[in-house]
Structures are given as C-alpha cells and as structure tokens.
Amino acid sequence: MIRKTGGRRTWFVAALLAAGSLFATSLPVQAETGVSSREIKLGITLPLTGAASPGYNKIGNALDAYFKYVNDNGGVYGRKITLIQKNDEYSPQLSIAKTNELILKDKVFALVGPLGTANFTAVHKSVGIAKRKVPALFLNTGFSGFANKKSYPTSFTILPSYAMEAKIVAQFIKENLSDKKLGLVYQNDEFGIDALGAFKDAGVKFDVSIPYTSGTQSAATAQTWVSQLAAGGAQAVVFFGVTSATAPLLAVAAAAKYAPQWILGSVGSDPLTLRALGVPVAVLNGALTPAGNPSPNDTSDEYIKQFQEINEKYNNADFDDYVLQGMNIGLMTVQALRAAGKSLTRSKLIRAMETKGSKFASVAYSPLGYSRTSNVGHTGYYMAVMDAKGDRKPYGGSVVLYTTDSGKGPVVKSNFKRPAMPAKGLPTNS
Amino acid sequence: MRKKILLFILLGWVLLIIGDRVDELRVYQGAQIAMYTIALASIVLLTGYSGQVSLGNGAMMAVGGYAAALTLNNLQTPIWFAFLMAIIASAIFGAILGSAAARLSGPYLAGTTLALAVGLPAIANQFSFLGGEPGILFDVGFPPERFGEEFTQYKWFFWISSVIALVALLITSNILSSRFGRTWRAVRGNALAAELAGVNSSRMKILAFTISSALAGLAGAVFAMNISLVAPGAYSLALSFALVTGAVLAGISSLPGVGFGALILVAIPEIADAIAGSLGSADKLNNYLPGLIVSVLLILSVIYTPNGPGENLRKLLHKKHAK
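Heads up: the sequence lines are chains L and U, in that order.
When the first sequence is numbered by this note's numbering, its final residue is 664 and no position is left out of the sequence of numbers.
When the second sequence is numbered by this note's numbering, its final residue is 329 and no position is left out of the sequence of numbers.
Just chain L, same shape as in the assembly (with noise of 0.2 Å):
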C-alpha cells in the first residue's frame, strides 16, 4: 500500500515536471546579451591616451558619430546602438582587463573595430571570445594571422593583410620598375618579414636590402641607410615600417639630394601622423603607396561626401583616414546587424557575417571575403601617388585594382566595382 502511494507521487511529480518542461518551451526564448526591444549595446577598445594614441583615438569618436546618425534616423529596426568607448592605451593586459568589464559588466552585444595586434591576440586568448561566442567585427589590424577562421571563428578582419599589401606592392614593380635598380628597408619583425616573404615568392629580387630592428630608427640610422641606399646605386626603394622611421628616412634622402622613386607601405605613410612628428609633408610628394579607400578629401566620392556630411553634424572632428575607417566600420555594422534580422543573436550576426558580408556596401574599393570558411574582409590594394600636401591620388589618373589573398594565390587585376553608398548612408539590406 504504502509503495503504491510512493509510486503515486512519483508519476504526478513526473507529470508535474513534464507540463512544466513544456510551458518553459512554449515561453519566448530569453533575449540576447547586449539587445533589448530598444537598443544594441557595442564596445570597442583603443587607445584614447598614451603614446600610441594619435590618430587611432578618433576612430571611436567617428564610429559613435555614424551610430548616432543612425540612431536619429530611427535606429536599426527600432533599437538604438550605445557604442561604449574603453581606453587600453594600446597595452595588452588593459585591453583585457577593458574587454573584461565590455562582456562581463556592461555586457555588450559585440565587439567593433578593437585595435591592435598584440591586444586582440592576447585580449581573445585570455577572455575567450571564441569560446564564449562573442563576435568580434572588423579589427582594426592587417596581421594576416587573424585570418584563419578555425582559430577566430566569431571574429572578422577589414583591412587588406600586410602580406597581401606586399604582394601586390611586388606584382606593381615588376609591371612598372622592372629596369630600375631595386632597394628595401623593412622593419625586421613579423610586419617586415611578412613582406620579404612575399617579395621573395614573387621574384622581386633587392639589390640593397636593410633590415632594421623596430625602435632602432633615429636620424643618424637613416643616415647609414641613405648612404647604403646611394652607394648601391637603388633607384626605387620600397619601405615596410612605420611613420617614425618613414619620416628621418625621407628628411635625410632629400637633404642629401638623393631621389629614387619612393614605395611607401601604408602603415608608414600617414601623412598627419608625419606632421605631428614635426617632418614637413612635403617629403611625400612623389612616393607612391598602396592604398584601400580613396583619400579622405575626395569629394566626388559618394561614400566621402556623406561621412563628411555626417562628421560635420555629429562629430567635428578633422576628416582624415581614421574618421573615414571609423563611420566605414559603423556602416558596416549596421548592415551586418540589418542582416541578422530582428530577433538580433549573436550567432544569427556571425552567421549574416558569413553569408551576406561579402555584399556589404564599404568605402574600400576591393571586394569582401566574408564566406562561411572565411573571415577575411577587404582583399586589395590600388597605388597611389601622394603630392606635396600628403594628398593620394590614383597612380596614372585612374584606379587600377589589384587582388589577392595573404598566401600562394596569384596577384590579379581586379574589375571589381563596389557597391553603391546606401542612399542617405542609411543602409536598408536585410
């Protein structure tokens, strides 16, 4: 008798459990970290203070701008993007612990735009951005390590590799400066030897070739290097480094009256970034650079025009490639969080990435790589030539589009025109 009750009790315990299991799968899914019905909070790190700062602390300032614009034209379906701006003064273990307080405490949606490549490698190590599946759009580095889409499942790249700026670089000179005597300078770590790599695998051989150690370059090392340079008789010279040794480089070639045709890498040849360093512009004019986007003051551009309608209005700030890389990220993702629909999920965003990235409208002029087994985003570069003011324009008047990958693919001229700017810049995909 009394095992009968006990048996009773179990069945209506099981009943009980059963009808409750099923009304808590009749029950609306609970919402997304990060979304609610009337906003979208993103975070991003970056340097606002410290050495590393100029130039890079405007882009969250640009990327808030586009949002805001966004926002006061009815958000992205309905729901307002809060950007939410952490300062990691471009050190590894802030910009975790700053990573931290994003997911953990304020608890964003996503990551957009964080910058660096020693930050983002350690920040996804030691935070897990994979493992907890936060995704982690456009980062704001060209190491072509981020490329691999096995190891960074949730995060997506923007710019073109340094390996695939290299190779194309090699693919120009041998269509254009094949009868010149061939020099290089190169920042001997993984930016500079990525480079040499593909210059090697191309077949561009140097005649006088200077390696350097990052931190090394001063006025008196750029010395040493003219003089080598000179004395090898280099009538083109390419330079992989970064705008610190671009500008002793330049001041003392043209002190020393020597002029080879310059190829500058586009980490070193900012031309704001020359002039905070006190080296007049005018040491550019003439070099030639590979360069993604058209420049900053071209306003027969469409995407231009509108950035700068927006950057007047919301931001104030001076239009220069990093406000221009800022309200392109924005853009971007918000036609990446239109194409995850409205029940917004991370994975429903990874997955749009994935299936609908590649048909983004962005201001770079090569196409996007986003696939379901890749995570790469923009694939070339154009040369460009600057003038006395800093000022690119098109090598031979118009773009000439050369695409590749960061590995063995071949280098190809590209037909490629990108999409239209959204009108307004107010993206309406889906």
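Worth flagging that the hints you see were computed from the coordinates, not collected in a lab.
It cannot be assumed that every hint is accurate.
Below are the DSS-like pairs computed for lysine-lysine, each with C-alpha atoms no more than 30 Å apart in a straight line [claimed, not checked]:
(1) L:K365 <-> L:K339
(2) L:K341 <-> L:K275
(3) L:K339 <-> U:K161
(4) L:K314 <-> L:K341
(5) U:K9 <-> L:K341
(6) L:K359 <-> U:K161
(7) L:K434 <-> L:K408
(8) L:K582 <-> L:K275
(9) L:K359 <-> L:K582
(10) L:K539 <-> L:K491
(11) L:K623 <-> L:K647
(12) L:K367 <-> U:K161
(13) U:K161 <-> L:K383
(14) U:K161 <-> L:K384
(15) U:K161 <-> L:K365
(16) L:K302 <-> L:K590
(17) L:K383 <-> L:K651
(18) L:K593 <-> L:K642
(19) U:K9 <-> U:K325
(20) L:K576 <-> L:K365
(21) L:K582 <-> U:K161
(22) L:K547 <-> L:K627
(23) L:K651 <-> L:K590
(24) L:K275 <-> L:K658
(25) L:K359 <-> L:K642
(26) U:K161 <-> L:K275
(27) L:K642 <-> L:K408
Fit chain U to the known structure of chain L by using the hints.
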C-alpha cells in the same frame, strides 16, 4: 604552526565559496588580487623587513613571467613546473642583482632598481625568441573537464592564483617569523649593531633580495597566466609604481596587510569609473583618474600614515583593547 596552517586552509575554503557565489568579472578580479598579494608580499619582505627600497619589482615579475612562458612553450611541461622555473630564474636573477644592491642603499638603490624597471622589459624587443613588442602567449589550457561545463576559464585562473598565493604567503610568513625575519629587522634597525652581534649583514641583504625576487617572479608568472601573455608592455613602469603604492597602503612592514593593498589596487579603476560616471563627462576624466587616485593616495599615505593605514588601524585597535 599547526594553527597557522589551519587558518590558511580555512581562508582557502572561504575563497572557494566566494568564488562560486560571485559573477565572472569578480572572479577575474579575484585572480588579480591573488597575484598582487604575492607581489606585495615580495615588497614587504624586501623593504619592510630587510630595509632595501626597490622600485623595480615590475622587472622581477617580467623575469618570472618570461621564464614561465618560455618553459611552458618550449618544453611543454606541466603548469607547476613552469611556475617553479619562474621562481628559480627570478631567484637567480635576484641573487646576482642583490650582490650589487647590497653595496647600495637608500636613494641609490631605488634609482638602480628604477632603471631596471624601465630597461629590462624593453630587452624583449631585442631578441626574437622573446617575441618582441607583441610578446608571447602563455596558455595554461582549459580547466580539467571533470569540473564540468559551468567551470569557467577565469575560475580556473582564480583557483590556481589563490592556491599559489596562500602557499606563498604561508611560507613567507614562516620565513619572516623565523631567525631570518628577526635578523633582517636587526639589520634594518642598525646594520652596525647587527654586525657586532655576529650577523653578516650584506649576506642577509642578498638573501632577502633573492627571496623577494623569487616571490616577485612567481607573481609575474601568475600575472602572465591571468592575461595569457607575456609582453614588455605588461610589465610596465606603471605596474612597478602601482605595486609600491599598494605596499605603502598595505603597511610596508605588515604581511597581513598585503591582501588589503591588493584589493585597493584592483578596486581603484572601479572607483575611478564610479566617480567619473557620477560627474557626467565619463570618457575624458576616466582616462586619467586611476593614475591620479594612485598618486594622491601615495602622497597622502606617506604624509599622514608613513607606515601605512593598516598600521594605524592596528594601533587604534590596540589602544581600545588597552582601555
């Protein structure tokens, strides 16, 4: 002694329970507090007991961090062996440095160690096997699967850090209350008198430097584990200064105070956040506020409580007891 061990086990048990109850951000901060506790203990031993002022603890931590990372990455050893190598490498480094330091005192020693804090981490840029500016990854791996799905990476770090901190503190506290601790205090109080009593003061100073470096190196390895990375930028001058501040606030000659000092170091950015938030213009202010708070606390503490607020509190309690 048995009482002390029981106390530490109890402390560990309390930490375990706390670790289960708080959210993940707090768990991560807990791991950082444990790391700072070890680093501060190394300063208390060196400065508080043996009377040698060092501003270069960040550099010692770097030695430990790099030793642990190189061991783990190149030899694929178990984690504990990497930590052991951190202790040994930094102890050897400390012994060499201590031999030089024993000849210096006061501001000269402070200056030398300061130069070390500035220079040493930058050496990593010169040798490619040290990974340059981006540093090298230090990955102790995911927590064992038997702890279950819910057991997060940070909880794993917190457990390891806490256990190491507790053991390190237990050993340090024993050393300090042993013959060595008493001799160090004698040397600090009056080196000449100690020598007359038969103490070899420079040898004792080198010993203190060695043990303190070993502790700092251990802290450096724990730090590297918590951020999964060793890089020159991680062991910055700011870290060395923050540690000195923490030690002063903890009470430079009190080992039990180190937990308090470590707590303050981790809490400062949060406090700065709260202040900046309540003042409105959060962004700009927030960038400079933590540094400002550290500096102001250090100055105030040196002016009003040269032995640290902890010391004053203890005196206050003693007075009450006396009444």
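For each hint, the structure was consulted:
1. L:K365 <-> L:K339: 18 Å, holds
2. L:K341 <-> L:K275: 8 Å, holds
3. L:K339 <-> U:K161: 16 Å, holds
4. L:K314 <-> L:K341: The hint holds at about 16 Å.
5. U:K9 <-> L:K341: 43 Å, violated
6. L:K359 <-> U:K161: Roughly 15 Å separates the two Cα atoms, so the pair holds.
7. L:K434 <-> L:K408: Cα-Cα ~12 Å, so holds.
8. L:K582 <-> L:K275: 16 Å, holds
9. L:K359 <-> L:K582: This hinted pair holds, its Cα atoms lying about 23 Å apart.
10. L:K539 <-> L:K491: 39 Å, violated
11. L:K623 <-> L:K647: With a Cα-Cα distance of about 29 Å, the restraint between L:K623 and L:K647 holds, given a limit of 30 Å.
12. L:K367 <-> U:K161: 18 Å, holds
13. U:K161 <-> L:K383: 27 Å, holds
14. U:K161 <-> L:K384: Satisfied, since the Cα-Cα distance of roughly 25 Å is no more than 30 Å.
15. U:K161 <-> L:K365: This hinted pair holds, its Cα atoms lying about 15 Å apart.
16. L:K302 <-> L:K590: Answer holds: L:K302 to L:K590 is near 24 Å, not above 30 Å.
17. L:K383 <-> L:K651: Roughly 26 Å separates the two Cα atoms, so the pair holds.
18. L:K593 <-> L:K642: Roughly 25 Å separates the two Cα atoms, so the pair holds.
19. U:K9 <-> U:K325: 26 Å, holds
20. L:K576 <-> L:K365: Roughly 25 Å separates the two Cα atoms, so the pair holds.
21. L:K582 <-> U:K161: Holds. L:K582 to U:K161 sits at ~29 Å (cutoff 30 Å).
22. L:K547 <-> L:K627: 27 Å, holds
23. L:K651 <-> L:K590: 17 Å, holds
24. L:K275 <-> L:K658: 24 Å, holds
25. L:K359 <-> L:K642: Answer holds: L:K359 to L:K642 is near 28 Å, not above 30 Å.
26. U:K161 <-> L:K275: Holds, because 26 Å separates the two Cα atoms, which is no more than 30 Å.
27. L:K642 <-> L:K408: 17 Å, holds
Checked against the numbered hints listed earlier, the structure breaks hints 5, 10; every other hint is satisfied.
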